[in-house]
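My request is simple: use the sequences and hints to build the entire structure.
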Amino acid sequence: MDTQPEINITETTEENKSRNSYHTDTNVYPAIRTIILSVCVLIALSVVIFLIYQNGKSIYANGI
Numbered sequence: 001m002d003t004q005p006e007i008n009i010t011e012t013t014e015e016n017k018s019r020n021s022y023h024t025d026t027n028v029y030p031a032i033r034t035i036i037l038s039v040c041v042l043i044a045l046s047v048v049i050f051l052i053y054q055n056g057k058s059i060y061a062n063g064i
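Sequential numbering of the sequence shown, starting at 1, is according to my numbering.
Some clues are possibly wrong.
[As the list claims (entries may be wrong)] In silico SDA-like pairs for lysine to any residue, Cα to Cα no more than 20 angstroms straight-line: (1) Lys57 to Leu45; (2) Lys57 to Ser46; (3) Lys57 to Val47.
[Unchecked claim] What follows is a set of in silico ranges between Cβ atoms, one per label pair, in the way DEER data are often shown: (4) Ile32 to Ser58: 34 to 42 angstroms; (5) Val39 to Asn62: 32 to 40 angstroms; (6) Thr3 to Thr34: 58 to 66 angstroms; (7) Leu37 to Pro5: 50 to 58 angstroms.
In case anyone wonders, no lab produced these hints; they're calculated from the structure. Just so you know, even glycine gets a beta-carbon here, dropped at the ideal spot from N, CA and C.
Structural data, given as structure tokens:
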């Protein structure tokens, strides 16, 4: 009399679809990484151009 009860753990696909209907499997990390790197590059270029401009203005005003 050593019988073990059967446990049915499997779920139907309809239950899985309804349960996961509000979840989407989109990975936003690559998009955010691209945006952050683009912003950092634009800031760096802006700083370099600003410093070149300031240096040129200083050379023009004061001479070499």
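Here is how each hint holds up against the structure:
The straight-line distance between the Cα atoms of Lys57 and Leu45 is roughly 18 angstroms, inside the 20 angstroms bound, and the hint therefore holds. For the hint pairing Lys57 with Ser46, the CA-to-CA distance comes to about 16 angstroms; that is within 20 angstroms, so the pair holds. A C-alpha spacing of about 15 angstroms is found between Lys57 and Val47, which places the hinted pair at or below 20 angstroms, so the restraint holds. Evaluation of the 34 to 42 angstroms hint for Ile32 and Ser58 yields a pass: the beta carbon distance comes to about 39 angstroms.
Our hint of 32 to 40 angstroms for Val39 and Asn62 holds, since their Cβ atoms are close to 34 angstroms apart. In this structure the supplied range 58 to 66 angstroms holds for Thr3 paired with Thr34, their Cβ-Cβ distance being about 59 angstroms. For Leu37 and Pro5, the hinted distance range of 50 to 58 angstroms is satisfied, since their beta carbons lie about 56 angstroms from each other.
Violated hints: none; the structure is consistent with every hint.
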